[in-house]
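Just so you know, the protein sequences line up as chains X and Z, in that order.
Mapped onto the numbering used here, the consecutive letters of the first sequence carry residue numbers 19 to 575.
Mapped onto the numbering used here, the consecutive letters of the second sequence carry residue numbers 19 to 575.
Any given hint could turn out to be false.
If chains are identical, the list can't say which one is meant, so a pair holds when it fits in one copy or spans any two.
To be verified - Cut-off 27 Å, straight-line C-alpha distance, at most; resulting in silico cross-link-like pairs (DSSO-like, lysine-lysine):
| id | residue 1 | residue 2 |
| --- | --- | --- |
| 1 | K493 | K482 |
| 2 | K324 | K134 |
| 3 | K374 | K403 |
| 4 | K438 | K263 |
| 5 | K134 | K514 |
| 6 | K134 | K258 |
| 7 | K63 | K134 |
| 8 | K374 | K438 |
Think of the hints as simulated: they come from the structure by calculation, not from any bench.
Being a predicted model, the structure only gives us computed values, none of them experimental.
Number of protein chains: 2
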Amino acid sequence: MSDRELSCTNTAGQFMDRGRMNQNGVVQPLLTDLYQITMAYAYWKSGKTDDHAVFDLFFRTNPFHGEFTIFAGLDECLKFLDSFHYSDSDIEYLKQTLPEGTENEFFDYLGNLTAKDVTLYAIDEGTVAFPRVPIIKVEGPLIIVQLLETTLLTLVNYASLMATNAARYRMVAGKHVNLLEFGLRRAQGPDGGLSASKYSYIGGFDGTSNVLAGKLFNIPVKGTHAHAYITSFSGIGELKTRLLKHKTTGVTGDLLELAVQYRQALSQLLDVSMEESSEGELAAMVSYAIAFPDGFMALVDTYDVKRSGLLNFSAVALALNDLGYRAVGVRIDSGDLAYLSCLARETFERVGENFKVPWFSKLTIVASNDINEDTILSLNEQGHKIDCFGIGTHLVTCQRQPALGCVYKLVEINGQPRIKLSQDVEKVTMPGHKNAFRLYSADGHALIDLLQKVTEPPPAVGQKVLCRHPFQESKRAYVIPSHVESLYKIYWQNGKIVQPLPRLEQVRERVQMSLKTLRNDHKRTLNPTPYKVAVSDNLYNFIHDLWLQNAPIGELS
Amino acid sequence: MSDRELSCTNTAGQFMDRGRMNQNGVVQPLLTDLYQITMAYAYWKSGKTDDHAVFDLFFRTNPFHGEFTIFAGLDECLKFLDSFHYSDSDIEYLKQTLPEGTENEFFDYLGNLTAKDVTLYAIDEGTVAFPRVPIIKVEGPLIIVQLLETTLLTLVNYASLMATNAARYRMVAGKHVNLLEFGLRRAQGPDGGLSASKYSYIGGFDGTSNVLAGKLFNIPVKGTHAHAYITSFSGIGELKTRLLKHKTTGVTGDLLELAVQYRQALSQLLDVSMEESSEGELAAMVSYAIAFPDGFMALVDTYDVKRSGLLNFSAVALALNDLGYRAVGVRIDSGDLAYLSCLARETFERVGENFKVPWFSKLTIVASNDINEDTILSLNEQGHKIDCFGIGTHLVTCQRQPALGCVYKLVEINGQPRIKLSQDVEKVTMPGHKNAFRLYSADGHALIDLLQKVTEPPPAVGQKVLCRHPFQESKRAYVIPSHVESLYKIYWQNGKIVQPLPRLEQVRERVQMSLKTLRNDHKRTLNPTPYKVAVSDNLYNFIHDLWLQNAPIGELS
Numbered sequence: 019m020s021d022r023e024l025s026c027t028n029t030a031g032q033f034m035d036r037g038r039m040n041q042n043g044v045v046q047p048l049l050t051d052l053y054q055i056t057m058a059y060a061y062w063k064s065g066k067t068d069d070h071a072v073f074d075l076f077f078r079t080n081p082f083h084g085e086f087t088i089f090a091g092l093d094e095c096l097k098f099l100d101s102f103h104y105s106d107s108d109i110e111y112l113k114q115t116l117p118e119g120t121e122n123e124f125f126d127y128l129g130n131l132t133a134k135d136v137t138l139y140a141i142d143e144g145t146v147a148f149p150r151v152p153i154i155k156v157e158g159p160l161i162i163v164q165l166l167e168t169t170l171l172t173l174v175n176y177a178s179l180m181a182t183n184a185a186r187y188r189m190v191a192g193k194h195v196n197l198l199e200f201g202l203r204r205a206q207g208p209d210g211g212l213s214a215s216k217y218s219y220i221g222g223f224d225g226t227s228n229v230l231a232g233k234l235f236n237i238p239v240k241g242t243h244a245h246a247y248i249t250s251f252s253g254i255g256e257l258k259t260r261l262l263k264h265k266t267t268g269v270t271g272d273l274l275e276l277a278v279q280y281r282q283a284l285s286q287l288l289d290v291s292m293e294e295s296s297e298g299e300l301a302a303m304v305s306y307a308i309a310f311p312d313g314f315m316a317l318v319d320t321y322d323v324k325r326s327g328l329l330n331f332s333a334v335a336l337a338l339n340d341l342g343y344r345a346v347g348v349r350i351d352s353g354d355l356a357y358l359s360c361l362a363r364e365t366f367e368r369v370g371e372n373f374k375v376p377w378f379s380k381l382t383i384v385a386s387n388d389i390n391e392d393t394i395l396s397l398n399e400q401g402h403k404i405d406c407f408g409i410g411t412h413l414v415t416c417q418r419q420p421a422l423g424c425v426y427k428l429v430e431i432n433g434q435p436r437i438k439l440s441q442d443v444e445k446v447t448m449p450g451h452k453n454a455f456r457l458y459s460a461d462g463h464a465l466i467d468l469l470q471k472v473t474e475p476p477p478a479v480g481q482k483v484l485c486r487h488p489f490q491e492s493k494r495a496y497v498i499p500s501h502v503e504s505l506y507k508i509y510w511q512n513g514k515i516v517q518p519l520p521r522l523e524q525v526r527e528r529v530q531m532s533l534k535t536l537r538n539d540h541k542r543t544l545n546p547t548p549y550k551v552a553v554s555d556n557l558y559n560f561i562h563d564l565w566l567q568n569a570p571i572g573e574l575s
Numbered sequence: 019m020s021d022r023e024l025s026c027t028n029t030a031g032q033f034m035d036r037g038r039m040n041q042n043g044v045v046q047p048l049l050t051d052l053y054q055i056t057m058a059y060a061y062w063k064s065g066k067t068d069d070h071a072v073f074d075l076f077f078r079t080n081p082f083h084g085e086f087t088i089f090a091g092l093d094e095c096l097k098f099l100d101s102f103h104y105s106d107s108d109i110e111y112l113k114q115t116l117p118e119g120t121e122n123e124f125f126d127y128l129g130n131l132t133a134k135d136v137t138l139y140a141i142d143e144g145t146v147a148f149p150r151v152p153i154i155k156v157e158g159p160l161i162i163v164q165l166l167e168t169t170l171l172t173l174v175n176y177a178s179l180m181a182t183n184a185a186r187y188r189m190v191a192g193k194h195v196n197l198l199e200f201g202l203r204r205a206q207g208p209d210g211g212l213s214a215s216k217y218s219y220i221g222g223f224d225g226t227s228n229v230l231a232g233k234l235f236n237i238p239v240k241g242t243h244a245h246a247y248i249t250s251f252s253g254i255g256e257l258k259t260r261l262l263k264h265k266t267t268g269v270t271g272d273l274l275e276l277a278v279q280y281r282q283a284l285s286q287l288l289d290v291s292m293e294e295s296s297e298g299e300l301a302a303m304v305s306y307a308i309a310f311p312d313g314f315m316a317l318v319d320t321y322d323v324k325r326s327g328l329l330n331f332s333a334v335a336l337a338l339n340d341l342g343y344r345a346v347g348v349r350i351d352s353g354d355l356a357y358l359s360c361l362a363r364e365t366f367e368r369v370g371e372n373f374k375v376p377w378f379s380k381l382t383i384v385a386s387n388d389i390n391e392d393t394i395l396s397l398n399e400q401g402h403k404i405d406c407f408g409i410g411t412h413l414v415t416c417q418r419q420p421a422l423g424c425v426y427k428l429v430e431i432n433g434q435p436r437i438k439l440s441q442d443v444e445k446v447t448m449p450g451h452k453n454a455f456r457l458y459s460a461d462g463h464a465l466i467d468l469l470q471k472v473t474e475p476p477p478a479v480g481q482k483v484l485c486r487h488p489f490q491e492s493k494r495a496y497v498i499p500s501h502v503e504s505l506y507k508i509y510w511q512n513g514k515i516v517q518p519l520p521r522l523e524q525v526r527e528r529v530q531m532s533l534k535t536l537r538n539d540h541k542r543t544l545n546p547t548p549y550k551v552a553v554s555d556n557l558y559n560f561i562h563d564l565w566l567q568n569a570p571i572g573e574l575s
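So that you can see chain X by itself, here it is in the shape it has in the complex (with noise of 0.2 Å):
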C-alpha cells in the first residue's frame, strides 16, 4: 500500500505508558476504528457534523445455531457515553496520526466534544433479543453518533455472545447443577478474562475462579489447588504440622494420625491396597485440610481416582469430622466423568453407611475437564453425579462461533430515510426510526416481534395486529396479543443515564426471567422453531417502495 495512504506513526512512543482504560475502568473513546475519526473530519469539513442521524445496532443471526440471544453490555456502553471525552494526549496523537492538512480547528472541536446531544434507546439488558430487531438506537449529531460505532460493537458484541453462551450451559446442565467460570486464561488477554467472567455470570453461572472478576463486579470466586499442590509433596514426612484444633471443643488432635488409621480401615472396605495409593496426595490433603478445615476440597485425579484420591479423600475427610468439621468434595479434572462421577458417589454412599456419617453422601463432585454443550448433554444421557462443573475453554472462546457479528447502520438522516441494499437479501437494512414491540400470547409466551415505524400507534391489547414477514411479501399473519411490550426504553439523553441501572445480579434474575418467556421449542438445543420477527404493513410497504426507489434497474446482456 502506498505510503501516502491514511497512516502515520508517532516515532517517539510517548504514550506508551498510559492506562488502557480510565481510571474508572471505563473504555476510552480513542478504543475505535481510525475510519470513524477520517469520517469524522469528512463530515466536520464537508459541513454535516450537524445533521441529525439515526443509526440502529442489530445482529442478523443468533449465535451457536440457536434461535435466541441475550443483549448485554448496555451498562459498560451507558458509562462509556457517560465519560465520553478525548483527553489532551489522545488529540495529541490524532494530530500526529491524521494527514498533515488536517485543520487544526478540528481538533479543537473534537476536544470539546462530548455525547450529550445523543439519544441512546435500547432494550433492556439481559432481554432475549432477536435477529434483526435493533437492540439499541442512537440518535444526534451524525459526527458523535458515528464516532460511537466501533466501541459499542466492541461493547456489545462479545459481552451478548458470552452472555448467550452461558445461558445456553445453563439450560442444558439444569437449575440444580452449579456452574463456574475457569476461563481465564483461555482468553484474549487479561480483559478477555474479566469479560467472560462478567457476562458468564450474567448468563447464569454461579461464580467464577477469576479473582479480579469477584473484586471489580462483586461475583463470587470459587476454587481449590490444582496438581501442583499434590506433586508438591512426596510423603508423609514432609509434614510440618499434623495438628488442627477440634472445631466446637478447641481440643488439638492429631489430623494426620487420624486419617492414617482411616486410610488403613478404608483400603479394606474400598478394596484398594495402600501401597497403590499415593502418600504425597495423602500429605497434600492433610496440609489441605488444615490451612481449610472449613472448606475441604480436593483434587482426586493427580495420581489414580479409584486407587488413590477417593481413598485418601475419605481418610482426610472422615478425620476432619472426628474433629467437628465437614468436608466439602472432591474435584475430578480428567478421564472419564460420567464413570469417575458416579464411582465417587457410590464410594461416598459406601463410607457414610459404614462410618455412621449419613452427610458424606452428599458431599460435592466438581468436574472441570475440557467441558463444553455437548459434554453436558452426553453426561446428561449416560448419567452422572456431578454437582458442579467448572468450564473453561469453550466456555470463553465461545466455541461453536466465536464472535456475534452485530452491525451498526444508518436509518435515517434529517428525517430522511436511509436503506443499505445488498445482493444478500439478509443484508439489506430496515429504513428510518422504528419502535419494537413484543406480543404475548394469554399464557404469557412471547409470540412475535414486531417493528413499526415511530409515527405509527402502537399494537393494542385484545386487537387483530397484522404481522409481515419483511422480505416475502406472501407470510403474513394476524396476531392477538393478550399482552403487548414495548421494547425500547431511552437510556442516555441530554447528557445523562435517563433510567436507573440494574445491578449485574438483577440483569442475571433478567436473563431467566426472560427466558422463560420464550417456548421450550425455541430454546432447544437441536433444530429449535425461529422465533418470529415482523415489521408491521405500513413499515413493509415503507421499505418496498424505499428499495425499488434505490434499486438500479440491472440490464441482462
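Following the hints, position chain Z against chain X.
Just chain Z now, kept in the frame of chain X:
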C-alpha cells in the same frame, strides 16, 4: 455446591470503581484464579513457602493444525513480575473472600510479597517454539512461583496464538501484500481487541484500524470510511463545499465540476450509464476527497462496484489529479473479491491509458469481507489483484482454534524432580530442571530441538548427538549440528529485568527471521511435516526411571 465452600463476596461493591489494570497498563496480581491464593495459604500454613520450585510453561500441540507456534507475550510477563504487588485494597478484598479462620499474618505476608526471589528463563519473544519445549521456566520460592501461574498463562496463551495466526496469514498472503487487522469490534471486549492488534502486528501484519492500539503500542493505524459515510449523502445538491486548492499552484478549482465532467466521459469509456450510478455516492466521494486530497481511498461497493463505485471513484480521482493530487485506491467489502479486484484493476488500467495517467494502473485495491486463511488461498488460486487485505473476525477470534493450551507444571521441588503421570502419554510431564537447544544444519535450517538435564554439557558443533523421542524407546537419531543455539536466557533475576527488551518492531522482525530458519515443509498449510523435539539419552533414562518409580502396578481382574 455447599455454601461452606471457599467463597464469599463483598456485599458493598466497594471495589467496583477501581481500574482493571494499574496505572501503567500492567495487569494486577489479582488477575488470577482463586485456587492460586488458597494454595498459597495452604503452602504458607504447611511451612512450604520457601521450598525451591521449578515450573515449566509449555504447550502440548501447535495450533491451527500447524507445526509451529510463535512465542509472544514475554514483555508483558516481565512487566507483570516487575510490578507484582498486592495493593491494600487487594488484601482487603482477599480478607473478605478467604474463609473466616484464615490467619491475619498470611495477609501481612502477601502484602509484602514481590517477585524479587524469582528467576525467569525464557526463549526470546518472537521465536518459533514447539510442543513440550518449555517456552518459559520459572524458579524460586514455591509460593510466589505458584502464584504467578494463571497470569503468566493468560499473558502468553492469547499473545502466542494471535502472533501465530497472524504469521500464518502473512505466509499465505505472501510478502508483497499488505495485511491490516480490522477486528476490534469482534474481539473479546476492549482489551481482547488491543491484544489482537498488538500481537497481529508482531506476527507480521502491517497495521491496525484500532486507534488506541496505535497510540499505546506505536503501531501504524489505517482506515478510510464506512458504508454509512456513503449513504449519508443522497445527491450532489447536499455538498456544502466543492472547492479544493491545487496542490502546488494553490489555485482554487471546483472538484465537483471536474468530477462530473470526468464521470460523463468515463460513462462512455466504461459503458456504464450515469443513471445507474449513484449520485449520493459521487457526492460522498467528492466530499471525502476534499477532506483527504492526498489520501483518497474510497469504499466502492455501497451500491454496485461495476456500475457505480468504480465510475464515481475514477471520476473523483481524475478530478483530483487535475488539481495535483494522487488518489490512493479503493476498498471492496463484499461480493466476489477475485472477480471484482480484477475488474477494478482492468478499469484502472483502461482509465490510466485513456486519460494518460499512468500511475492509475497501480492504484491500491483493498479487500475486507470475512477473510480467513482459506479465502486467501482460494483467491491466490483464482488470481486476484488485491494489494491489501483488511482482516477482522477470523483473525482476532483465531477461528480454527480459539485458544492455545499452554500449561504450567511443577517439575522440581527442593532439587527433587516431579513427574505428573497420566493415562494419556501426551500429558505426562518431563520432570526436572532442563535446558533446551536448537540444532541447525549447515544450510541454516533448524533440525531438531533437544531437551537435556541442566547438569549435562551442551551439544557441540560437529559432534554426533544422540537425540531420542521422549516416550518411544526405539525412535532415536544421531544429529551432527553445524550450529547449536541455547534457547534460554535469564530474563528476570534478583528483582530486575536482566535483558534489554526489544521494541515491538524488533520482535516483529525476529518472527520473520525465526520462521526463515524453518524448512518450508514444516510451514506449509496442508499436512506440514512435524518438527522433531527430542530428549538426550540421559534425560530419557531419567524420565523413564522416575516414571516407573511413580506409576502404580495395576491389577487385571
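Could you tell me which of the hints above the structure violates, numbers in ascending order? The structure breaks hints 2, 4 and 8; every other hint is satisfied.
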